Structures are given as C-alpha cells and as structure tokens.
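**Student:** Chain by chain, the residues run as shown.
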Amino acid sequence: MAKNIVVRWDGEESAFPFTKVERDKLYGSKERVIVDEQGRTCSSAWLTADGSALVLGGGTAHVNVDDAWTAYEQDERRAVDLEGRALEPQPSTLGVAQDLVEASVDRLLDCTTSVVYQLETDAISASLLAALSAGKIFEAPFLYRDGLSPDSVFLVKNDEGVFALVGRATGFDFVRRDALPEPETAEREDELDADLDFSMM
Amino acid sequence: MPRLVTIADAKKRDAQIQLDSPKRGETVRYVSKANGAPIHLERLIKTTDRSSYEALVGRLGSPEALGKAMIEGDPEVEIEQVGRRLGHATRVHVGPGGQVLYAARVLQVVTAPDGTEKSRGDFVDVEATVGEELPPIVWTGRLMPANDVVRRFVFVRKVQLRHVNGLTFDFLYDMAKSLHDEKKMLLVGAGAKGQAPLIFQTNGSPFRGFLEGRVDGDSYRLVLHLSNLELKRVAVAAKAAVEGGES
Numbered sequence: 000m001a002k003n004i005v006v007r008w009d010g011e012e013s014a015f016p017f018t019k020v021e022r023d024k025l026y027g028s029k030e031r032v033i034v035d036e037q038g039r040t041c042s043s044a045w046l047t048a049d050g051s052a053l054v055l056g057g058g059t060a061h062v063n064v065d066d067a068w069t070a071y072e073q074d075e076r077r078a079v080d081l082e083g084r085a086l087e088p089q090p091s092t093l094g095v096a097q098d099l100v101e102a103s104v105d106r107l108l109d110c111t112t113s114v115v116y117q118l119e120t121d122a123i124s125a126s127l128l129a130a131l132s133a134g135k136i137f138e139a140p141f142l143y144r145d146g147l148s149p150d151s152v153f154l155v156k157n158d159e160g161v162f163a164l165v166g167r168a169t170g171f172d173f174v175r176r177d178a179l180p181e182p183e184t185a186e187r188e189d190e191l192d193a194d195l196d197f198s199m200m
Numbered sequence: 000m001p002r003l004v005t006i007a008d009a010k011k012r013d014a015q016i017q018l019d020s021p022k023r024g025e026t027v028r029y030v031s032k033a034n035g036a037p038i039h040l041e042r043l044i045k046t047t048d049r050s051s052y053e054a055l056v057g058r059l060g061s062p063e064a065l066g067k068a069m070i071e072g073d074p075e076v077e078i079e080q081v082g083r084r085l086g087h088a089t090r091v092h093v094g095p096g097g098q099v100l101y102a103a104r105v106l107q108v109v110t111a112p113d114g115t116e117k118s119r120g121d122f123v124d125v126e127a128t129v130g131e132e133l134p135p136i137v138w139t140g141r142l143m144p145a146n147d148v149v150r151r152f153v154f155v156r157k158v159q160l161r162h163v164n165g166l167t168f169d170f171l172y173d174m175a176k177s178l179h180d181e182k183k184m185l186l187v188g189a190g191a192k193g194q195a196p197l198i199f200q201t202n203g204s205p206f207r208g209f210l211e212g213r214v215d216g217d218s219y220r221l222v223l224h225l226s227n228l229e230l231k232r233v234a235v236a237a238k239a240a241v242e243g244g245e246s
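Protein chains in written order, with numbering that gives the first Met the number 0: chain D, 0 to 200; chain Z, 0 to 246.
No wet-lab data here; the hints were simulated from the structure.
Keep in mind it's a predicted model, so treat the numbers as computed, not measured.
Ideal Cβ positions, reconstructed from N, Cα and C, are used throughout, including at glycine.
Mixed in with the good hints, there may be bad ones.
If you only want the chain Z side, here are some residues facing chain D, beta carbon under 10 Å, derived [said to hold, decoys possible]:
hint, residue
1, K10
2, R58
3, T115
4, F122
5, V148
6, R151
7, L171
8, R213
Please work from the sequences and hints to get the whole structure.
**Tutor:** So, in structure tokens, the structure goes:
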C-alpha cells in the first residue's frame with residue numbers, strides 16, 4: 000500500500016493520495032529512435048576503449064569501492080560532508096504528518112521545483128481547504144524516501160485542484176554594483192548546459 | 000565559462016549579461032563505516048554481447064541447454080571482461096541482431112498522452128534561440144501577477160541575471176526595479192516578438208520564461224524562471240491514483 004502525503008494544519012491532519020504530474024502525461028512526448036537500413040528499431044551499447052567488449056543495455060553495474068578496490072554494500076558506508084563530519088540520514092516524510100507553515104509567493108519563487116504531484120483531496124480538513132481556497136500557500140519538509148536533507152513541499156490550489164510542488168531553494172542573493180561576476184565552480188555549475196530535451200533522447 | 004546571453008529592456012535596448020545557475024546543495028561524500036576509507040562509485044562490466052542471455056541461448060541451442068550449462072559451470076561469466084571498469088567507452092548503436100551499426104537513421108516519434116503514436120519522421124536538430132551570439136531575449140511587456148503565475152506554471156529551472164560591468168548593473172537594476180514596483184512577473188521569449196520558446200542549446204528543452212525582479216536598497220535580484228509544464232491535472236488510471244511515484 001503506497002503511503003500518502005500527510006500534513007497537519009490548525010490541529011487537523013489531512014492525508015493525500017498523490018499522482019506525479021509529468022509532461023508526457025499532459026502533452027505526450029517526443030522520442031528519438033534509431034533505426035537500421037531496414038527501419039528496424041536499434042538499441043544503444045558501449046564499446047570499450049580497447050575494442051575488446053561490446054556491452055549491451057543492462058550489462059553494467061555500479062559498485063561502491065574504496066581505493067584498494069574493496070567493495071562495500073550500501074549499509075556499509077556513511078555519508079560525510081567535505082570536512083568529514085557525519086551526515087545523519089533522515090526518514091521519509093511519507094505517511095508521517097508534517098506541520099504546515101504558511102509560505103509567501105516569494106518563498107515559492109525562491110525554490111526550483113523538481114517534482115509536482117496532484118493531490119486527491121477526499122480527506123482534506125475543512126480548515127486547510129478553506130485556507131488553500133483563499134489563496135494561501137503552505138510549506139512543509141518532504142523526503143520521498145530516507146535521505147540526507149529534505150526538500151520543501153508547497154501546497155497550492157488552483158481551478159484544477161490541489162498540487163504539491165517539491166522544490167529546493169536556489170540560494171540566489173541580491174547583487175550590488177561592486178559584485179564581481181561569479182566564476183563557474185563545482186558548487187555552481189551551469190545546469191542549462193546539460194539541459195538537453197530528454198523527451199527527445 | 001559563465002553563460003552570456005543578450006536581453007532587451009522595455010526601451011528595446013539590449014545588453015549582454017551573465018546567467019548564473021543555483022548553488023548546489025551540500026556536497027556529500029561516502030566513507031566506510033568500518034575504517035573511514037573514502038568510497039566512490041565505479042561502473043563495472045557485468046555482461047557483454049558474448050555472454051548475454053540471447054547470445055548464450057544462441058550458442059547452446061535452447062534455454063534448457065543454457066540452464067543445464069549454468070548448473071554445471073559458469074557460461075555466463077566472461078572471465079576476461081566481468082568486473083572491468085567500463086571507463087571511457089564509446090556509445091554505439093546495435094541492430095536487432097546485435098551487430099554494430101555503421102549507418103543509422105534517426106527518427107522522431109511523437110506520442111500522444113494516451114501512448115498512441117501520432118507521427119514518425121526524420122529527426123531534425125532544433126537550434127538554440129538564446130545565446131551569446133543570438134538575438135536578445137525580448138521584453139514582451141506582458142506582465143502577470145506572481146500570485147497567478149505560480150498557480151499556472153511549474154518552474155523547473157531558474158537562472159539569475161547578473162551584470163558584467165557598471166553599465167549592465169544600471170540596465171539590470173532598472174529592469175528589476177520596474178518589476179519590483181509593478182509587483183508582477185514579465186513573460187519573455189525569443190524571436191522578434193518574444194513568442195518563441197527559450198532554448199539554451201541545440202536540442203535543448205524549450206521553455207517559457209518569466210522575469211521576476213526585486214530590489215533592496217542599491218542591490219537587485221533578477222531571476223529568469225523557466226517553465227515547460229503547466230499546473231494541470233493529468234488523467235489518473237484507477238490504480239495509479241494512490242501509487243504516487245518519484246522523480
């Protein structure tokens with residue numbers, strides 16, 4: 000049984016079954032397909048640098064190893080930050096009531112949305128529905144599965160229904176006249192550079 | 000190299016400015032719980048075209064024969080290849096028979112939301128509409144309240160517009176201030192009238208863009224919000240309604 004997004008507002012809990020909103024479900028999709036001279040669909044593969052092996056789809060595996068090539072299972076490793084301090088994993092927020100706080104439009108605009116869910120509102124509390132209908136936006140922490148740092152989920156309502164927008168803050172600052180142009184760093188890579196139209200791939 | 004683009008203001012003056020992407024989140028590394036050794040992910044070869052299921056069945060004659068061979072030995076393990084690092088391999092296409100293609104045709108298949116194929120034709124590259132050497136992003140004059148915009152569009156990418164010298168500081172500050180004073184977002188686009196989508200590289204995603212500006216004393220914050228998705232409900236299959244799904 001799938002878990003719901005559960006939130007608490009004004010002392011009342013609301014539980015939402017949810018469905019992911021994606022471009023291909025709304026608009027359809029464009030896919031790039033490779034065919035041979037007879038028009039038969041082909042697949043992609045990897046040819047090793049020395050030409051000794053042709054690796055078909057599904058022919059590779061990712062393995063956690065150290066510098067001595069000792070392999071580790073997922074539960075035999077722990078996450079640390081750049082200074083080596085341990086980062087504690089946090090449990091998924093699904094199925095666990097999260098306290099909502101009211102958010103401004105600016106706060107929502109400060110975050111980039113990575114996933115959108117449409118919510119089924121059969122079990123929404125009357126006070127939350129009234130607040131959303133009045134144009135309020137709400138925010139809560141969100142982790143789909145256990146992870147290191149939660150995203151934010153924003154609840155908004157429009158004529159189509161109630162949606163949950165999962166996002167993360169951009170960290171954009173105000174800039175002054177004397178601010179120097181920021182160089183590209185590992186912390187700030189040009190994300191548009193890798194922004195190929197994946198519906199075409 | 001920072002990404003430079005050209006943008007026009009309400010007076011149709013244009014200037015080249017810098018686009019910055021959001022900062023990444025906290026950098027995470029993994030270490031061994033037992034000894035603290037740094038751990039990294041390696042992509043290793045599991046099987047090749049010679050040890051795939053189809054290749055083994057073809058060589059041994061039947062699935063039953065393959066099953067018997069696997070009980071008696073390890074025909075699926077190609078000892079010279081299994082466990083090798085994939086490394087800098089070359090992407091190739093293989094035909095239905097497993098042979099490498101030396102000439103391939105690239106098609107574009109368009110599918111409707113219900114999964115039915117709508118069209119199939121030769122793939123044509125879609126060129127970028129925004130860039131250093133391309134015409135400016137156009138100030139369309141179409142202002143929309145942010146309150147409405149966030150309920151109609153999903154912003155899946157955001158970039159910050161930054162000045163590159165004193166002149167462009169004034170240029171961008173004035174843009175941000177006018178939007179801040181209006182308390183609205185501006186629809187921007189490519190092409191002569193700003194009606195074409197923003198595409199930042201060849202075959203890149205097409206986006207609708209909305210400029211949002213804020214000022215604080217003598218500093219500004221001008222953000223281009225990019226959307227390729229409207230906030231609309233999708234058709235829900237009976238079972239999928241409660242299954243959700245992750246990105």
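**Student:** Would you pick out the hints that fail for this structure and give their numbers low to high?
**Tutor:** 1 and 2
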